[in-house]
Each structure stands twice: as C-alpha cells, then as structure tokens.
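**Q** The chain contents come next:
There are 2 protein chains.
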Amino acid sequence: MSDGEEKPDGFSFAGIAAGLKDSNKKDLALILAPENSICSGLFTQSIVRASCVDICEQRIKKSSGLIRAILINSGQANACTGDYGIQHTLFATKEVSQLLGINEEEVLMCSTGVIGIPIQIKNLIDNLPNLVKELKTNSLQNAAEAILTTDLVDKKITIETFIEGRKVKISGFAKGSGMIYPNMATMLAFLTCDVGVDKEEWDKMISIAVKKSFNAISVDGETSTNDAFIGINSGKKIDKKFLSKIQSGIDIVCQSLAKNIARDGEGANCLLEVLVEGAKSNSDAIKIAKSICNSSLVKTAINGCDPNWGRIISAAGNSGIDFKLDFLDLYIGDFQILKKGKLNKYDSKKVANYMQTRMNGKYLVEDIVSISLHLNSGSEKGTAWGCDLSKKYVEINSEYTT
Amino acid sequence: MSDGEEKPDGFSFAGIAAGLKDSNKKDLALILAPENSICSGLFTQSIVRASCVDICEQRIKKSSGLIRAILINSGQANACTGDYGIQHTLFATKEVSQLLGINEEEVLMCSTGVIGIPIQIKNLIDNLPNLVKELKTNSLQNAAEAILTTDLVDKKITIETFIEGRKVKISGFAKGSGMIYPNMATMLAFLTCDVGVDKEEWDKMISIAVKKSFNAISVDGETSTNDAFIGINSGKKIDKKFLSKIQSGIDIVCQSLAKNIARDGEGANCLLEVLVEGAKSNSDAIKIAKSICNSSLVKTAINGCDPNWGRIISAAGNSGIDFKLDFLDLYIGDFQILKKGKLNKYDSKKVANYMQTRMNGKYLVEDIVSISLHLNSGSEKGTAWGCDLSKKYVEINSEYTT
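Chains R and F, in that order, give the protein sequences. Mapped onto this note's numbering, the consecutive letters of the first sequence carry residue numbers 2 to 403. Mapped onto this note's numbering, the consecutive letters of the second sequence carry residue numbers 2 to 403.
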C-alpha cells in the first residue's frame, strides 16, 4: 500500500510482517532519514524503562542528533527482559546499520508490545533485508500500521504549506494505548520534516510541541516503559523568521496524533477536550485541564452523559494549581454551567443530550465532548485531551489472560 | 442502638435522622468532648473546599485545639453553595453551642453529600435539640451511621489497652466513598482518645497516623472538597515514655478505618494491600505503594484475577521514586514473581487462583490481595491500600442521574 500524499523530501519508510506478532500483522517498521538529518527525542519519565529507550537517548546525545534510521518493532516491548533487552537492541541496530551502510550509532530502535518476554530476535533479524528493500518515500502508511499493537485505527498525518514559494512538508505517525498481556499502554510517535533546523532550535521546538500535545493527553494516567517521541528534520534551512510557521506545523501534527491516541483509548466512545482559559500560565492551564481529563469520576460521568459539574470542579481543585472558585465560568459544550462560581440556569436535559449525541458522533469529527473552564485570573490558556471511561475499558483490561 | 464496647471516657455521641436525606436514614451526628479536650485536624488539600472545612481549620487554630463539639451532617456537602455555605455553617454551630452551653468557637462542623445544593438548614436546626438530647457515651454506632452517604457498611473501631493498670481507650469512625449526584467521594473520619496529650505532641501524633493510613489509601485517586480527619483527646495525662503506645493505638484505629474505606470503594470486590520494603525512606515506600494502588491497569488486572506483574512494575516506575529494576523482588500473595528483577518460575494459574479466591473471600478477613515489592535499596518500608476496579465502579459512577 502506498500513500497518496507527498511526504517530506528525502525520507523513506517501510513496514512489514516479520513474524513477531502471532496475528501475522505488520510488526516491523523502518524510517530512513537523509544524511545530516537532525533528530530530537523525548522519552518516558518512568524509572522502569526498556533498554532500547536508554540507547535512543544515549545515541541522540552522543551524535548531537545526527541520526539516520529508526527501527521500530511491535509485538514485544523488550522491557524487563534482563540482559536480552540491551543485547537484542544492539544486535538489531547493528544489522540495520550494515544493511544501510551507515554507522550503528546512527540507528535508533523503539519497541512496543508484551513486557517481560524477549523479542523474537531471529524473526526480526531474518526479515531486516526485506524491510530495507521495502523502503519507499510513499510507504509511511505501512510503517504506521507496523507499529500498532491493539490500536483500533492507525494514526498518521501529513501537512504541507508554502514558505516563499517552497513547499514544506511535515509527516507524523503514532501508536496509542493497545493492550497485550502482560502489558500497558505504550505511546510511540515519529515526526519527519523537510526543512533543516539546527539541533538546539529543533530540541526546543519539539519540546514545545510535545508539551502541548502528547504531554496533554491521558487515557488512563499510566506512563509506559517504552513511551517515545522522536522528531527528525532534514533539508535546506529556512529564514529564521519563518521558524514560527514550522513550529505551528509541528504543533498541528503532534496535536492531531495526540488527539487520535486519546480518542482510541480502550473502550472510549468520545474524545474529551478540556480548554482552560484565564490562567496565569500555559502550564497552569494544561495542568488543570489534564487533571480534569484524568479524573475517573469525570470520565465515568461523561460515559453516562451526566453533566456532573461538581466532579469537574473538584478535579480542577486537585490539580495543585491555585484559583478562585468565585471567579470560575464553566461550560459543557455551549451550555454555561457556572457563572463566576455560581450555578447558572441551564437545561440539564439539553446538556445530557449534547453529551449523548457526541458519544455517538462521527469519529474525530462530531464525537468531541468539550469542557471549558475560565479561571478569570490571567490571560493564558491550555488544552488537554482524554476520553470517557466505560465498562468496556474495565473489560479489556481485566480480561482473564493467564 | 447502643454499642457493647466501652468508649473513651467523657466523650458522648449522637446520631439521628433529621430529614436531610431523602432516604429518611440517619443524617446528623454530634460528638461532645469533655472540657479541656485537645483537638487536631487534617483537611482536604483541594483548592475547591467547602467553607465548613475552612471554619474547622480556623477554629482549631484560633483556640489552639480547645474544641468541645463536632456537628456532622450527611446529605449535602455544603460545597460550591456560594454565601449559603458559610452562613449555614455559622448558624448551625451557633445553635449547637447555645444548646450545649459552650462557646460557638468551640464547635466544628463537617458536611458530606451533594455538592452545589444548599444544606437543608431548617430541618437541621429544628432537629438540633433532639440531637443534643440523644447524646450518650455509648451512641457511637448511631453517629457512625449518621455520617454515611452511599457507603455499603459503617466503619468504626474501638480498641483498649492497659498502661500501668489504667484502662485506655481509643475510638474512631469514618465514612468513605459514597456517591450522590452531583458529587464525589468524601472521606470523613473522627477519633477520640481518653488519654490527655498536649496540643503540639497530639498534632504530631495525628499527622504520623494519617500519613500511614488515610493518606495511604486510594479508591479512585480523587480528593474531595470536604475530606477531613479530626482527632480529639481528653483525660489524665500519661508518662511520656508511654506515648509511643498511644501512637500505636492511634495508628491501629486509623489504619483499620482507612482499610475499611478502601475495601468499601465503589464496586470493589477485594482490599488491595501493597507493601513496599527495602526503600530509602518510609515516605518513598508509601509513594511507590500508592502508585501501584492507584493504577487503573493494576486495579483492572486484579479484578480480572490476572497476575499482570508488568503493570505492577510499571506503576512502581511511575511513582517518581528512584529504584533499580535489577534489585526488585516481587510477590503476589506468597508467590514470588520477580527475583532480583528477573522472572521467577511460578505457576500463573495458581497465582490467578489465589486472586480469584481473595475476590470472593470473607469481607475484610479473606478478601485481601497482597502485593509485596522489595526494592533491596534500603531498610524502610510502607504500605498502601486500594481496591480492584470493576465494571460496577463504572456503572455506579456513570449512572444517568439528571
């Protein structure tokens, strides 16, 4: 399968079935970046990390971001696998480097899937020549499929714009919260951009984008052993005054992927979008919004189409960020629930009906439940995303699998 | 109804139905402490607090803990009720003080129930004379019932010991995580002790006990607008060398109530008890244990009797506390799962069977799923408690109530 859209110049992608998953679905992906590409990565903050994550960090640092290839496997997360973890990562990246004729230090590896079971290394190695052969500029779709675990849909986006007559493209793909035993949600996301940006600047831009996207979503408040976001740029540089335009593009790609992940959370029926305005800082706003998205009580209320504003305000109150109850304006959809902290007259049946409609709306178009909270204490704002908490979530995650 | 057990000397209790709840169940409680009693209180850290909580804090501080009475109502939480909040609290505590012939500053008030709806103040005030008339030394049971919302069982405990021939008693009662629309879990707990302890010492002792009990439980990670723990002591003082014995007693009472609350979490089938040993500090150990108790993925795995150790380790890794994966010993029940970070041979069917048995075991006797994690990095330990996450939890909290 190939994509219709034009991808960032110089990058090629591959995704194949290498027999790592029992399902025989695609499970091995590769991204090849042009020479002199600049790479930044942000990785799980968990103490328990897969060793492939450590190697990613080390190699990006050591090479000052001069990374050429990223190998990604699904099926086994290669975490908590003792000495196998690092051995298999080193072995696989070395093989890839030899096939591509590059330095092994220029190859990264990300894994997602079952924890505690060694990677199916023989199948992986045997299929590397085939994987490399499949590298094409228009195979991003295959790569996006190959990194999925039990995600219900693939998650990818390409955007383009013209800057001084030059066509500029940014592509991203990601996987979200699939579950395989014994496992947890893992987030992997990759971004490519065909405008050259210096390492230091790129680090900043990636970090800004992640703060407003992947770090602003929550499916179930869990951080995985393998979470990773890697962004690579390559190509002719651009006048500094246009960098803000590139930043906007990266933000759009990251937010789109992040929303896709939240919406595809286990058992979810809607995307929950929480906007907090009137905060003292953007990060305060995001913290409050995230606290609301993270609340089991808010998430179950949404699942039940119950405009339970007390839970929303209480979750905001638990964010650790100071605000005045008497200043709050709260909206669910277009319905104002609180006005300067006091209950506004609203038709709770209409609000419930709004939620009900959204719970059954068209995927990522009309299935967004919006909550907005104005603190009236500053001029900054921020958004976070989540999903409802359903019986299906419990079912998926409590399935008897041993 | 009166209790069989002997309660702390000098304290009396009452609990009646005052028409605050639609169910006509008991909904108004009173604790009367002897003159010169010493009171300490710990309250919700949420930014959104009921004004009765503010008044509790102010009065305890202003009087240096010289508190005589605590009025507690269930039915309405008196939070997010605008000016009514403080007016009703002041009115009710003033009335109580006049009926008891004490200073209004010596009366505290705690509320739990529906948020955003004013307290049924007329019913409350009309019933105060009756409440005061009901005060008896052996009516703790009535008080314990009157503070419940949708708790399935009442939660109370009295312990006694002899110190140099003197009989010493400590009693406590609490309510946990009931739900009424629009509402969230509220925890209220009260402790009385008939040994006199100075304010400064008592503050410390209460704070130590709470850290190891109420602050170490999680039903769904939510903090309420009204959470409160209040401990009062009164009576002859005791040689300082015996204070550690009193501390142990307070710890036992608080932990018993805390475990009761965790076990009675919505939809729960078991008590989850997580012991973390070999930590650098007690608070590190509790943080890790709590992170495990808080994990939706661990809680659903337990609900499914799935010995999903990857989720346990991952939750530990998200606690923010540093540890070495290679040092970890992990047990579920008596089954060793990890040995110095490596998978131990165990019969996963037997582990699943252990969990299954516990999920159907006798209430708070044989229904405890134990997880223990040894970090092998220090000599401190700590325990936290939670419960499984069931479809019933989602059902209870997503019920369509508007």
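Some clues are possibly wrong.
No copy is singled out in the list; a pair is fine if it fits within one copy or between any two copies.
To be verified - Here are the computed lysine-lysine pairs in the DSBU-like style, where the Cα-Cα straight-line distance is at most 30 Å: (1) Lys351 <-> Lys393; (2) Lys343 <-> Lys123; (3) Lys26 <-> Lys213; (4) Lys205 <-> Lys341; (5) Lys392 <-> Lys168.
Quick caveat, the hints were computed from the structure, so don't treat them as lab data.
**Q** Evaluate each hint against the coordinates.
**A** Evaluated hints:
In this homomeric assembly, lysine 351 and lysine 393 come within 30 Å of each other (Cα to Cα) both inside a single copy, at 26 Å, and across copies, at 27 Å. Taking identical chains as interchangeable, the C-alpha atoms of lysine 343 and lysine 123 lie at most 30 Å apart only when they sit on different chains, with a minimum of 22 Å there against 64 Å within one chain. Within a single copy, lysine 26 and lysine 213 get their C-alpha atoms no closer than 32 Å, and across copies no closer than 48 Å, so neither meets the 30 Å cut-off. In this homomeric assembly, lysine 205 and lysine 341 never come within 30 Å of each other (Cα to Cα): the closest approach is 37 Å inside a single copy and 39 Å across copies.
Taking the shortest alpha-carbon separations for lysine 392 and lysine 168, neither the intra-copy value of 47 Å nor the inter-copy value of 51 Å comes in at or below 30 Å.
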